[in-house]
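Each chain, letter by letter, is given below.
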Amino acid sequence: MQDLDERLLHGGLAAGALHEIAPVRAEDMPAALGFAAACLARGARRSPSLLIFPAGYVRAFGGPYAHGLHGLGLDPGSLVVFRAESHKAALWAAEEALRSRSLAFVLAILTGGLDLKASRRLHLAASSSETFLMVLTPAHAEPAGAALSRWRIGPAPSERDRFGAFARFRWEVTLERSRNGRTGSWILEWDHVAYRFRLAGTLADHASPPGPGLGGPGLRRAG
Amino acid sequence: MPVDGGAPLVLSAVASGGPRISALNAAAEAAGLAVGSRLADARARVGNLQIRPADPPADAAALSRLALWCTRYTPTVAPWGEAEGADGLFLDVTGATHLFGSEAALLADLAARLDGFGLPARLALAGTPGAAWALARFGDGPTVTPTGAEAEALRLLPVEALRLPDPVCARLRRLGFRRVDDVMGQPRAPFTTRFGDILMRRLDQALGRAPEAVVPVAPPPAYRAARQLLEPIVTEEAVVAVAGRLMADLVASLTRDEVGARALALRLHRVDGAVASVEIGLAAPTRSPAHVERLMRLKLESLQGGLDAGHGFEALQLHVLAAERMTARQLALSPTPEEETPQALAALIDGLRQRFGTGSVRHLRARESHLPERAVSALPDGGGLPGSRPESWSSGETSLLRPPLLLAPAEPIEAVAADPDGSPLRFRWRGHLHHVAHAQGPERIAPEWWRQNARDPARDYYVVEDRTGRRFWMYCEDPSGRDPAGARWFVHGLFA
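Each protein sequence line maps, in turn, to chains A and Z.
2 is the number of the first residue of the first sequence in the working numbering; add one for each residue after it.
7 is the number of the first residue of the second sequence in the working numbering; add one for each residue after it.
Honestly, the hints are just simulated from the structure, not real lab data.
Note that beta-carbon positions come from the ideal geometry of N, C-alpha and C, so glycine has one too.
Be aware that one or more of the hints could be misleading.
Derived list of chain Z stretches under chain A, where covered just means 3 residues or more per stretch with a C-beta under 8 Å from a C-beta of chain A [said to hold, decoys possible]:
| no. | stretch |
| --- | --- |
| 1 | 354-363 |
| 2 | 409-420 |
| 3 | 441-451 |
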């Protein structure tokens with residue numbers, strides 16, 4: 002997470018902490034999952050990672066598809082997928098996974114929000130194991146109290162190349178909470194070849210000073 | 007109505023010419039009844055006769071339960087003559103008697119326990135299955151016949167003791183051969199001519215001159231540890247602790263063979279004779295008693311309604327159902343995290359599987375297939391740990407056009423295309439109308455000609471973005487229009 006980490010958040014999206022992602026609307030789940038998967042690819046492309054996927058979401062949004070995850074830069078071979086039959090099972094699995102200290106990244110898609118107690122437990126487990134924990138909660142869930150950062154993701158029209166073909170997918174990314182209190186909204190695109198996010202446009206940037214602060218290697222204004 | 011075991015009792019079976027007696031107890035036998043006689047005659051002879059219908063499937067089920075129970079003595083337990091209604095069990099106790107001190111002690115223990123169940127069993131222990139069969143049925147009382155003494159022990163028994171079909175016995179008796187020793191010393195060739203090879207084969211098998219294979223109820227495990235407990239245990243905690251100790255018993259032999267357990271079964275023998283089995287599978291071979299204890303605890307917690315201990319478990323066995331090569335690691339003084347990670351991951355996967363079922367944890371694997379829904383297999387057993395084998399994923403450029411979420415099955419939609427074989431302009435999916443901002447395609451994916459569904463229509467796939475930026479993977483079936491009903495559209499996946 003070098004780019005976002007240093008340029009946007011000054012240490013916000015860090016390992017050993019709980020981060021929360023939520024879609025703008027319920028139907029934006031795929032966009033939020035894509036953003037989370039890109040974060041995962043950015044942070045732990047080859048290390049073993051766990052994806053906790055609710056059984057109930059398979060019908061609504063489909064099941065995780067390895068070739069598509071690969072397209073986002075993930076190595077599906079290093080991914081373990083746990084199919085959670087309930088919210089409780091998902092939480093149990095996430096905590097077990099963190100305590101096992103065997104994973105670089107745990108991405109838990111949850112069918113409900115995290116109450117303060119559950120979010121504190123998970124945050125503690127993540128920090129004691131130095132594992133990156135990202136939870137994807139439903140659009141209308143209460144924000145997780147102990148999360149270090151909270152992101153809201155919606156889709157944005159893709160970038161297209163000169164021939165009109167899709168070049169990069171883009172997301173409307175809102176940082177609702179961060180460690181240093183800065184928030185903002187951006188259009189981000191994911192470069193699945195270089196494994197980095199790029200800033201495609203700023204909607205409302207409260208986090209960084211305008212101008213040169215957003216430039217620099219790995220993060221350039223596109224479009 | 008309860009059955010009075012002391013009074014005459016028969017089981018009736020439907021036969022030609024009315025119901026006949028298929029089994030009877032000692033009191034009925036004393037009253038002069040016999041297997042095969044007509045039920046009407048029996049009723050006339052015995053006033054207070056108790057009659058119950060015979061239930062062969064229940065008999066067979068009870069016998070196999072008993073066979074499972076008998077595995078407390080040895081893993082090799084086989085029911086006799088399953089085809090014609092099994093009525094006995096064969097236990098191969100070779101190498102198992104030391105747990106009881108001697109063969110006679112084992113036999114006495116078995117007799118006492120069966121008697122405790124109310125099962126009047128006839129027991130015999132001999133060097134060959136055939137001799138044991140004969141002595142159990144026609145000998146007097148539980149006997150132990152040393153190897154080599156079979157001929158002497160069988161000599162005076164009737165020819166029926168040789169496990170022969172009824173017609174063969176009847177003909178032998180007609181010809182004056184009544185006892186085994188009448189047949190034993192005779193020239194072989196005339197007997198074989200007259201009775202087929204069954205007579206001499208059975209004789210040779212009983213005397214240990216010809217081999218006889220028995221088919222056990224369950225294949226004996228390669229590694230097995232067993233404990234008979236002095237006091238029955240009832241708590242989950244105690245069961246887990248014994249499982250750990252049994253695993254510790256196995257460590258030496260597993261280490262010697264450089265293997266670890268991939269699948270384990272814990273057999274729990276209840277005081278009342280029921281046998282429960284708890285099986286656990288592992289993501290990676292293990293020899294760790296602590297790991298087995300933890301998995302056993304998770305498995306027991308996940309059992310619906312828990313494990314019914316009844317009055318307690320008095321014997322436990324741990325079977326290694328599948329073992330896999332596992333080389334001994336150098337024991338580092340301070341193992342690095344890199345070395346520990348695969349084991350910790352295997353432990354995590356095992357734990358999740360014991361609690362939520364084997365299918366709950368999957369690894370994604372690429373497969374050679376044109377069809378998107380077949381191009382990935384989610385392996386429940388995984389064949390190891392993630393990252394343990396190289397994968398052939400398509401190159402990054404083309405895989406950008408594959409969605410991370412695939413709907414199964416693809417959902418039919420109403421779509422309006424630019425022209426009959428053009429890209430979609432708008433479509434209705436789950437009740438919502440989407441206006442297409444951009445569609446990229448078609449990418450034609452033909453069915454695999456080597457598969458049965460080769461006649462399925464081809465699909466033209468499009469990556470479609472609607473005006474809100476939501477991205478879909480959809481296809482048009484039969485775009486060439488072979489089907490007069492026209493092209494049908496489906497949403498197959500959702501892009502990030």
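Cross-check of the supplied hints:
no., hint, verdict
1, 354-363, "holds (count 6)"
2, 409-420, "holds (count 6)"
3, 441-451, "holds (count 3)"
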